[in-house]
Structure formats: C-alpha cells, structure tokens
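Starting from the given sequences, assemble the full structure and let the hints guide the process.
Chain by chain, the residues:
Protein chains: 4
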Amino acid sequence: MSQLDDLLRDLVVANRILSNEGVVDAYGHVSVRHPDNPQRFFMSRSLAPQLVERRDLIEFDQAGEPVIDTRQPYLERFIHAAIYEARPDVTAVVHAHAEDTLPFGIVEGAPLVPVIHSGSFIGGKVPVWDIRKKFGDTNLLVTNMMQGRDLAKCLGNGRVVLMRGHGFASAARSIIEVVRLSVYLPRNARVQMNAMRLGAKVTPLSKGEIAARATGYKPNSPETWRAWQYWAIRAGCRAKLGKPPRAATEADRETR
Amino acid sequence: MSQLDDLLRDLVVANRILSNEGVVDAYGHVSVRHPDNPQRFFMSRSLAPQLVERRDLIEFDQAGEPVIDTRQPYLERFIHAAIYEARPDVTAVVHAHAEDTLPFGIVEGAPLVPVIHSGSFIGGKVPVWDIRKKFGDTNLLVTNMMQGRDLAKCLGNGRVVLMRGHGFASAARSIIEVVRLSVYLPRNARVQMNAMRLGAKVTPLSKGEIAARATGYKPNSPETWRAWQYWAIRAGCRAKLGKPPRAATEADRETR
Amino acid sequence: MSQLDDLLRDLVVANRILSNEGVVDAYGHVSVRHPDNPQRFFMSRSLAPQLVERRDLIEFDQAGEPVIDTRQPYLERFIHAAIYEARPDVTAVVHAHAEDTLPFGIVEGAPLVPVIHSGSFIGGKVPVWDIRKKFGDTNLLVTNMMQGRDLAKCLGNGRVVLMRGHGFASAARSIIEVVRLSVYLPRNARVQMNAMRLGAKVTPLSKGEIAARATGYKPNSPETWRAWQYWAIRAGCRAKLGKPPRAATEADRETR
Amino acid sequence: MSQLDDLLRDLVVANRILSNEGVVDAYGHVSVRHPDNPQRFFMSRSLAPQLVERRDLIEFDQAGEPVIDTRQPYLERFIHAAIYEARPDVTAVVHAHAEDTLPFGIVEGAPLVPVIHSGSFIGGKVPVWDIRKKFGDTNLLVTNMMQGRDLAKCLGNGRVVLMRGHGFASAARSIIEVVRLSVYLPRNARVQMNAMRLGAKVTPLSKGEIAARATGYKPNSPETWRAWQYWAIRAGCRAKLGKPPRAATEADRETR
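Line by line, the protein sequences give chains A, B, C and D.
Going letter by letter, the first sequence gives residues 275 to 530 in the working numbering.
Going letter by letter, the second sequence gives residues 275 to 530 in the working numbering.
Going letter by letter, the third sequence gives residues 275 to 530 in the working numbering.
Going letter by letter, the fourth sequence gives residues 275 to 530 in the working numbering.
Simulated from the structure, these hints should not be mistaken for laboratory data.
Any given hint might turn out to be false.
One copy or any two copies: either way a pair holds, since identical chains are not told apart in the list.
Claimed, not checked - In silico BS3-like links for lysine-lysine, alpha-carbon gap of 27 Å or less:
#  : residue 1 : residue 2
1  : LYS427    : LYS514
2  : LYS492    : LYS517
3  : LYS399    : LYS514
4  : LYS408    : LYS514
5  : LYS475    : LYS399
6  : LYS475    : LYS407
7  : LYS517    : LYS475
8  : LYS399    : LYS427
9  : LYS475    : LYS427
10 : LYS399    : LYS492
11 : LYS492    : LYS475
12 : LYS408    : LYS517
13 : LYS408    : LYS481
14 : LYS492    : LYS514
15 : LYS481    : LYS492
16 : LYS514    : LYS475
17 : LYS514    : LYS407
18 : LYS408    : LYS492
19 : LYS427    : LYS408
20 : LYS481    : LYS407
21 : LYS407    : LYS427
22 : LYS475    : LYS408
23 : LYS399    : LYS481
Given the structure is predicted, the values throughout are model-derived calculations rather than measurements.
This is the structure we're talking about:
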C-alpha cells in the first residue's frame with residue numbers, strides 16, 4: 275500500500291478511536307493533509323465518526339470544498355481548511371464537542387492549563403475563541419473560511435483552542451498525535467476541575483516540564499504506538515492496524 | 275408504508291434511543307401526535323422504553339385515555355395529552371427523569387440556561403414547575419388532566435420544563451427534534467454545573483445566538499439526520515431506520 | 275413452583291440486578307426472609323452477587339448462622355439477621371457499598387434527604403450509624419449480632435441506614451422493594467450532591483409528599499413491575515422472570 | 275504447575291483486571307517479584323495491560339533491565355525496580371495514572387486520606403512525590419534508578435505514593451493485594467472529593483481502625499478471593515483463574 279493508502283486507513287481508525295473514547299459522538303470530525311499535495315486534505319463526508327469507512331472519505335481543496343465528490347460534507351470543514359492554511363506544520367486536525375472541555379470555554383478567569391503530564395501539549399494555557407467577538411450573533415458554527423481563519427488565528431502556534439459554548443479544535447503533526455491530544459484534553463480538564471474544587475492551590479506543569487515533554491515527543495516511539503494500538507483494538511479496528519514503527523518493536527532504550 | 279407507519283416505526287426507535295442514551299430508564303416515555311387526527315396521539319403501553327416494540331403502541335384520545343386498547347397505559351400520559359392540547363405546534367413529547375437535569379429543578383436562584391450550542395433550544399432559561407404550588411402534597415406524578423394542564427401552562431411556548439424533584443417534559447415539532455432536545459438537555463446541564471463550580475462567571479448563549487440557531491433549524495437537514503442515524507444504530511435499530519431525507523444525501527451547501 | 279421457589283428465584287435475580295446496576299460489586303449482599311418461618315432467611319454463600327445462582331443460596335437461622343450448609347457465608351450476615359430480628363415487617367434486606375452514598379456517611383451536618391420522588395422512601399433523612407461510637411476501633415465490618423443489633427437500632431423504623439465509612443443497609447417489605455430502594459438511594463444522593471454544589475437552597479420532598487408516596491406504594495403495581503422487569507432483563511435474567519402480577523397486565527387506572 | 279507458573283498466570287490476570295476496572299489504560303503496569311530470586315521481577319514488555327499475555331512477560335534484574343529479552347520494556351520499569359530494592363517485604367507493584375487520584379497529587383493542603391474501609395491500606399495519608407523537587411524540569415517520567423529510588427524513599431513503608439501530575443505507585447505483599455489497593459484507591463479518592471464538597475468536616479478512618487484492618491488482613495481469605503474472582507471473571511479471565519485458597523472454600527468463621 276502506498277503512503278496515501280496507509281494514511282487514509284489510519285484516518286478511518288482515527289474516526290473510530292475518537293468515537294469510542296467519547297471525544298466525538300454524532301458530531302465532530304478528524305482530517306489529514308494530503309501527504310503529496312499540501313493544498314489538499316481528506317475527511318469523511320457528513321457522517322458520525324463511528325460509522326466512517328474508507329469509501330466515505332472525501333478529498334478537499336484549500337478552500338474547504340470537495341474536489342470532486344458530490345456527497346454532503348461536514349458544515350464545519352472550514353475549521354480544518356483554515357488551520358491547514360495557517361499552519362504548514364500541521365498535518366491532522368480534530369474538531370470535537372467533548373463535554374468536559376466545555377466548562378473552560380464558557381467562564382472568565384479560569385483557563386484550562388496542563389496539570390497532568392499527558393496534557394503537556396496544551397502549552398501554557400488553552401486559548402478560547404469566542405465567535406461572537408468578531409461575528410456577532412451566529413449559530414456558533416464555523417461555516418465559512420472567514421470564521422475558520424479567525425479561529426486559526428486564535429489557535430496561533432498552539433495545539434488546541436477552545437470554542438466558546440461549542441467545543442475545541444486540535445492540530446498536530448500526525449494523525450496519531452492529534453488523536454492523542456484529543457483524548458487527553460478532556461482528561462486534563464476533568465482533573466483540573468476536580469483539583470480546583472479541593473479548594474486548594476493547583477500546581478500546573480512548569481514551563482520547563484512542558485518544554486521537556488515537547489522536546490522528547492517522538493511520533494513513532496513505542497510509547498506512542500502503545501496507545502494507538504490499544505485505542506484501535508478497543509475500537510474494533512485490530513484488522514485495520516498498520517505495522518508498528520520499527521522503533522516500536524526493537525529494544526529502544528530511549529529516554530523520551 | 276404510509277406516513278403513519280413511518281411515524282410509528284420512528285416512535286419505536288425514539289424509545290430505544292432515549293433509553294440507550296440514558297435519558298430514560300425503566301421510567302420515562304415518548305409520544306407522537308397522530309399525523310391525520312390532531313386529537314389523537316400514540317405512545318407505548320406501560321413498559322420500559324428499552325423494551326417497546328410496534329405492538330406495544332396505544333392510540334390515545336385528547337383526554338389521555340386509550341381509544342380502544344385495554345392494556346395498562348403509563349400513569350403520566352396526561353403530561354402528553356395536556357401538552358398536545360395546549361400546543362397545536364407540538365407533534366412529539368418526552369417525559370424523563372434524566373438525573374443531571376434534576377438539580378436545577380430543586381434549587382432556587384440557579385436556573386438552567388443554554389450554555390452550549392446544542393442546548394440553544396432551551397430558550398432563555400428553563401421554567402420549573404412545582405406541583406406543590408397548586409396541588410399541595412402529592413406523590414409528584416402527573417396523573418390527571420388538571421395537573422397536566424398546569425404543567426403545560428408552565429411550559430408555555432417553550433421546548434422544555436423542569437418538574438421539581440421529578441424530571442422534565444420536552445415538546446417539539448417532530449420525533450427527531452424531541453429526541454434531540456432530550457439527549458442534549460442533560461449535557462447542557464452537566465456543562466453548566468461544572469462551569470458554575472469553576473467559581474467564575476458563566477457565559478450563556480446570547481439571545482441573538484439562541485434566535486439564530488432557532489431560525490436555522492431544519493428538521494430534515496443532513497446535520498439533524500446524522501445524529502438520528504448515529505443514535506439509532508447505537509441503540510441497535512439499524513434495521514428500523516427509515517430512508518434519510520433527500521436533503522441529507524445530496525450535496526446541500528446550506529449555511530445552518 | 276411453590277412460593278418459596280419463586281422467592282429464591284427472585285433472590286437470584288435481585289443479586290444480578292443489584293450488581294448490574296452498580297449498587298454492589300464484589301461486596302454487598304441481599305437476603306429474603308423465609309415465607310413460612312420468620313426465624314429463617316436466605317442469602318447466598320460468600321460470592322460476588324454477579325455470580326450467584328440458585329445452588330449458592332444458604333438458609334440461615336435467626337442468629338445469622340447457616341442451618342445446615344458448610345460453605346463460607348458472608349462475614350456480615352449479622353446485618354441481615356439483626357434487622358430481621360428487630361423488624362417483623364421486613365422481609366428483604368440489602369447491604370451495599372454503593373459509592374455515591376458514602377460521602378453522606380462521613381460528614382457532619384449534611385444529611386442525606388429525599389430530593390427526588392424516587393427517593394421518598396428515605397423518609398425525613400437517612401440516619402448514620404458509626405460503629406465506633408459503641409465498639410471503638412474495629413475493622414468496620416458487622417461481624418456479630420451485637421453490632422448488628424446496634425445497627426438495626428439506628429435503622430429504627432426506617433428503610434435505610436448509612437454506615438459511616440462503609441456503605442448502607444436497606445430494609446423493605448419485599449425483594450422488589452428493597453432492590454428498588456437500593457438502586458434509587460445512590461441516585462438521590464448524586465442529585466442532592468449536585469444540587470448542593472449549585473450554591474443555592476435545596477428543596478427536599480415535603481413531609482406530606484413523603485407520606486403521599488408511602489401511602490400510594492403498591493408492591494404489585496404495574497409501575498413497580500415495570501422497573502423490576504427492565505432491570506432483570508438488563509441483567510440478563512429474562513428467563514428467570516416470573517409472571518407479572520395480575521395487576522400489572524390488566525388495565526388498572528390506579529392513581530398510585 | 276509450579277509456583278512460578280501460577281504467579282505468572284496471576285500476573286497476566288492482574289493486567290487484565292487493572293485494565294478492565296479502569297485503573298490503567300494504554301499506560302500503567304504491574305509486576306511481581308520472582309518467588310525464588312528476590313533480585314528479579316517479572317513484568318510485561320511495553321504493551322497496554324489489556325493486551326498482555328503470558329508470552330509478553332519479561333524477567334528483569336534489580337537494575338530494571340531485562341535479563342535476556344530484547345523486546346521493548348516499559349520506560350518506567352525503574353519504579354518497580356527501585357521499590358523492590360527498597361522494600362524486601364514487597365512482592366508486587368503497580369504504576370497507574372488512574373484519573374481520580376490525580377487531583378490529590380497536584381494540590382497543596384488537601385491530602386488523600388482513608389475515608390472508606392476499603393481505603394484503609396492508605397495508612398495515615400498518601401505521600402506525594404514531586405519529581406521536580408530533586409530533578410528539576412523533566413518529562414515527569416521515572417526513567418532511571420536514581421529517580422526510582424527517590425520515589426521509593428517517598429513511598430517509605432507505605433502502600434501507595436502519589437506522583438504529582440502523573441499518577442501513583444502502589445506496593446504490596448502479593449499480586450492480589452496490589453490489585454486490590456489499586457482498584458480501591460481511586461474509589462476512596464472519589465468519595466473523599468465528594469465529601470469535601472459537601473462543605474462539612476470529613477471523618478476519616480481513625481488510627482485504630484486503620485490498624486485493626488491492617489492486622490486483620492488475610493491474603494488468602496474468602497473475602498479477598500471473592501473480589502479477585504469477581505474482577506477476573508469480569509475481565510474475561512475465568513479460564514485463567516487458579517484454584518481458590520483452601521480457606522476460601524471451607525467454612526471459615528474468621529472475624530476479619
């Protein structure tokens with residue numbers, strides 16, 4: 275199989291993992307940039323991620339429009355298109371309504387910060403994008419490139435941005451990484467909420483810890499593969515799993 | 275199949291979805307108004323929604339009494355009868371005890387408001403009906419038309435009303451819509467509870483946003499169908515799914 | 275089948291329901307008084323309720339000792355023996371560690387009260403038994419009749435008593451009723467905890483409402499059967515379900 | 275089967291139980307000391323515990339290095355190696371990220387204490403190890419013996435230590451005991467968090483109660499076996515269950 279075939283197979287698995295882990299439900303979506311043409315990306319047609327198969331994938335252009343396909347695409351595909359446009363380093367994007375992240379998007383003065391090691395990708399704190407600031411009263415959905423670009427601006431160089439009263443968007447360097455972020459973001463949120471309610475000062479990860487974890491991240495490490503494999507099998511996608519990266523099988527005494 | 279057949283098939287699916295999504299359990303029910311005779315409605319006999327089949331459905335008159343059937347009906351069928359009577363625009367009703375909505379029904383000064391986009395149907399805030407105000411000490415169940423009418427009055431022109439110490443009733447223009455409301459109401463409640471505990475000011479949806487979402491709602495859109503299909507399949511009702519509305523399959527670049 | 279056979283069949287189902295609904299796990303147990311000999315009761319041997327079959331049931335005497343059986347009984351069988359001794363009106367008892375009830379047993383000044391209609395059986399408020407008051411430092415388990423009797427004294431004429439740092443015991447007039455109480459107690463606790471955190475005054479059920487619901491309770495009503503049937507089927511016990519009470523199938527316009 | 279065979283079979287079951295009970299997920303691990311050579315221990319290769327089979331087990335030396343195996347080991351095997359080194363009484367160790375324990379590891383002044391009887395093993399309160407104190411900014415993982423030893427020092431003579439922003443490590447006298455601790459620690463944490471939010475003074479277990487439960491613990495009692503059997507069957511490991519200890523089947527009127 276070509277690299278593109280592998281990528282699209284992984285995109286289907288990503289859909290199933292995000293659904294099975296409760297990050298997305300009927301709504302929410304994940305995309306991947308075309309490995310050979312950075313102005314294109316792939317995502318399912320409008321369908322609950324749980325149901326996505328290879329045949330449901332559509333190729334989009336940089337304006338978020340299907341290149342050929344006539345089936346109904348996701349209304350909010352512009353989230354993906356705009357992030358790919360703004361961030362050449364990003365190859366995969368998720369949009370989700372994961373419930374436990376939502377409280378942080380609708381309050382003032384209580385930012386979502388990394389408090390557990392698996393939440394370090396958050397960076398300093400998660401920015402909150404409020405569509406109302408620039409666009410007034412809307413139905414809260416990102417349904418055109420102008421809104422998408424404003425969201426991407428709020429995301430900046432980060433990995434995740436909260437969307438007030440709506441959900442979040444995450445952006446990463448690979449499908450495995452964006453799925454990982456999206457699964458751990460709600461967990462970090464839950465732990466932070468619970469810690470804050472203990473009525474005591476909460477210790478977030480330090481800047482140095484965030485940096486150390488960012489530096490150490492290896493997308494093809496055994497540690498990364500372990501989670502992908504586990505989530506994929508839990509999601510019933512054992513048959514769809516590709517081969518683990520060479521580094522994941524050999525004795526690799528890396529210090530991550 | 276006739277329109278009535280389709281409706282009753284969807285009513286069975288609605289029962290299963292509401293049960294599978296945890297909105298109802300042994301208790302709780304959903305009904306639909308007769309498409310040809312507005313003074314009649316259909317609902318299951320007294321049975322946990324999880325177990326409802328087509329043969330369990332009973333036709334009721336406007337007083338909440340079975341037209342012919344002699345099997346035991348739900349005690350609280352008057353919730354449905356009274357709402358249909360008061361609201362010619364309503365074609366489907368749900369009554370549920372969904373746990374996460376209950377706190378808002380038993381406190382003063384902390385109304386349930388729309389804080390996430392999928393909760394916009396709430397309107398400004400959810401009214402709370404306390405049976406004790408007019409009926410004194412009862413077993414809290416709506417067991418006659420007088421109580422049902424008082425509840426319907428509290429519902430007013432809205433989509434949902436909380437019943438103090440008991441649950442909620444929701445009313446909509448279609449089965450798909452009432453199921454949707456009933457699934458998202460507890461989610462909105464959970465997010466609001468969690469946000470309030472962050473000790474910061476909570477930003478609800480603005481009036482304009484609520485209006486924009488109300489205006490944009492299309493009952494047969496791909497976006498609406500996507501959730502119904504997903505929930506139905508999760509509930510094991512794939513075989514019972516009707517055909518998606520034409521608009522759900524064709525490329526439909528609507529801006530909702 | 276005799277009445278005793280039916281009762282023992284229901285006792286097995288009760289074990290499975292309590293386990294499946296998360297009230298008990300490896301620990302916790304349910305018993306029923308002998309219908310013909312009030313000084314005897316039946317309960318499983320020491321086994322997780324999820325695994326209990328008819329052959330695991332043991333007959334106990336009023337001192338909590340097996341009449342004949344030599345297999346290991348539950349250490350805390352004295353909870354049951356003592357409640358049967360103190361309460362001739364009780365025919366079924368549950369002991370459980372259900373997590374959501376525990377916070378109310380370990381704090382001062384925040385009693386568990388009925389806040390939802392299905393929690394009305396609580397009565398005014400749930401008494402808390404602290405084994406330490408009379409017995410000093412122990413392993414917190416009720417392992418003899420003296421401790422059991424002290425617990426039964428705290429239960430008084432009520433339906434449930436919390437055991438500080440441990441769990442609760444519930445007592446009712448039938449297996450169906452004690453299972454019902456035990457399933458709804460944690461739910462009432464969760465709703466009360468969530469309501470208290472909204473920072474507002476919580477409205478409990480009034481004395482009159484508690485009384486109205488107590489008066490109206492009919493153990494063989496369709497409403498009661500509906501839940502038992504639902505829980506039993508969810509627990510995989512459809513084949514073990516007895517016939518519904520006559521009143522549950524005929525049109526019975528009772529006002530509960 | 276030899277004692278070693280039984281132990282390794284139980285180690286596989288332990289992996290599955292910890293995963294099924296939500297203590298570990300893709301990450302986290304459990305080990306057991308070699309019954310004949312205290313300087314060796316066994317643990318799986320780098321793999322999600324849910325997937326561990328007998329063939330995945332690796333024998334490690336006291337420095338945390340595989341004796342022969344060339345497959346990728348867990349990066350944090352030094353948690354296990356260091357605890358075995360510091361604690362001759364310990365024969366089994368778990369490292370997990372169980373979410374509900376994390377809040378207590380990231381706040382000041384709100385220690386995790388035993389509040390329910392099944393949490394008595396905690397002792398007075400759970401110590402919190404912050405890797406930053408001695409090692410500055412790291413990726414928070416214990417990836418060498420120096421860090422492992424510092425963690426073991428914080429564990430002291432206890433059964434569990436929280437790792438700030440990361441998870442916990444538990445240490446016990448047997449596989450059954452370490453699994454038990456690890457399942458009940460998050461439960462104790464949840465109950466304590468919920469009790470603290472009731473705004474009232476929380477009653478922890480007294481020193482005498484903690485001691486009484488510690489004295490009474492019998493690793494091969496019917497009470498202990500009951501939970502292991504239940505968890506193993508829930509985890510799909512019925513076929514892997516060994517024979518219950520003789521004491522678990524005979525009538526054993528112990529007073530624990």
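Now for the hints, and whether the structure bears them out:
Taking CA atoms no more than 27 Å apart as the test, LYS427 paired with LYS514 passes in neither setting, with 35 Å inside one copy and 45 Å between copies. Taking identical chains as interchangeable, the C-alpha atoms of LYS492 and LYS517 lie at most 27 Å apart only when both belong to the same chain, with a minimum of 17 Å there against 44 Å between chains. In this assembly of identical chains, the alpha carbons of LYS399 and LYS514 never lie at most 27 Å apart, being 35 Å within a copy and 46 Å across copies at closest. Neither within a single protomer nor between protomers do LYS408 and LYS514 lie at most 27 Å apart by alpha-carbon distance, with minima of 43 Å and 44 Å respectively.
Both within a single protomer and between protomers do LYS475 and LYS399 lie at most 27 Å apart by alpha-carbon distance, with minima of 16 Å and 19 Å respectively. For the identical chains of this complex, LYS475 and LYS407 are inter-copy neighbours only, at 17 Å across copies versus 31 Å inside a copy, given an alpha-carbon limit of 27 Å. In the homo-oligomer, the alpha carbons of LYS517 and LYS475 never lie at most 27 Å apart, since the shortest distance is 45 Å inside one protomer and 49 Å across protomers. Taking the shortest alpha-carbon separations for LYS399 and LYS427, only the intra-copy value of 15 Å comes in at or below 27 Å, while the best inter-copy value is 33 Å.
Proximity of LYS475 to LYS427 under the C-alpha cut-off of 27 Å is restricted to the inter-copy arrangement: shortest distance 25 Å between copies versus 31 Å within a copy. Only within a single protomer do LYS399 and LYS492 lie at most 27 Å apart by alpha-carbon distance; the minimum there is 22 Å, versus 37 Å between protomers. In this assembly of identical chains, LYS492 and LYS475 lie within 27 Å of each other by CA distance neither inside one copy nor across copies; the values are 32 Å within and 40 Å between. Taking the closest pair of Cα atoms, LYS408 and LYS517 never come within 27 Å of each other, the shortest separation being 46 Å inside a single copy and 39 Å across copies.
For the identical chains of this complex, LYS408 and LYS481 are inter-copy neighbours only, at 17 Å across copies versus 31 Å inside a copy, given an alpha-carbon limit of 27 Å. When the C-alpha separation of LYS492 and LYS514 is checked against a cutoff of 27 Å, the pair qualifies only within one copy, where the shortest distance is 22 Å, while the shortest distance between copies is 36 Å. In this homomeric assembly, LYS481 and LYS492 come within 27 Å of each other (Cα to Cα) only inside a single copy, at 19 Å, whereas the closest approach across copies is 47 Å. Taking the shortest alpha-carbon separations for LYS514 and LYS475, neither the intra-copy value of 45 Å nor the inter-copy value of 46 Å comes in at or below 27 Å.
Within a single copy, LYS514 and LYS407 get their C-alpha atoms no closer than 43 Å, and across copies no closer than 44 Å, so neither meets the 27 Å cut-off. Taking the shortest Cα distances, LYS408 and LYS492 sit within 27 Å of each other only across copies (25 Å), while inside one copy they are farther apart (38 Å). For the homomeric pair LYS427 and LYS408, the shortest alpha-carbon distance inside one copy (12 Å) is at most 27 Å, but the shortest distance between copies (39 Å) is not. In this assembly of identical chains, LYS481 and LYS407 lie within 27 Å of each other by CA distance solely across copies; the values are 15 Å between and 30 Å within a copy.
Taking the shortest alpha-carbon separations for LYS407 and LYS427, only the intra-copy value of 13 Å comes in at or below 27 Å, while the best inter-copy value is 37 Å. In the homo-oligomer, the alpha carbons of LYS475 and LYS408 lie at most 27 Å apart only across protomers (21 Å), although the nearest pairing inside one protomer, at 35 Å, exceeds that limit. Taking CA atoms no more than 27 Å apart as the test, LYS399 paired with LYS481 passes inside one copy only; the shortest distance there is 11 Å, against 29 Å between copies.
In this structure, the earlier hints numbered 1, 3, 4, 7, 11, 12, 16, 17 are contradicted, and the remaining ones agree with it.
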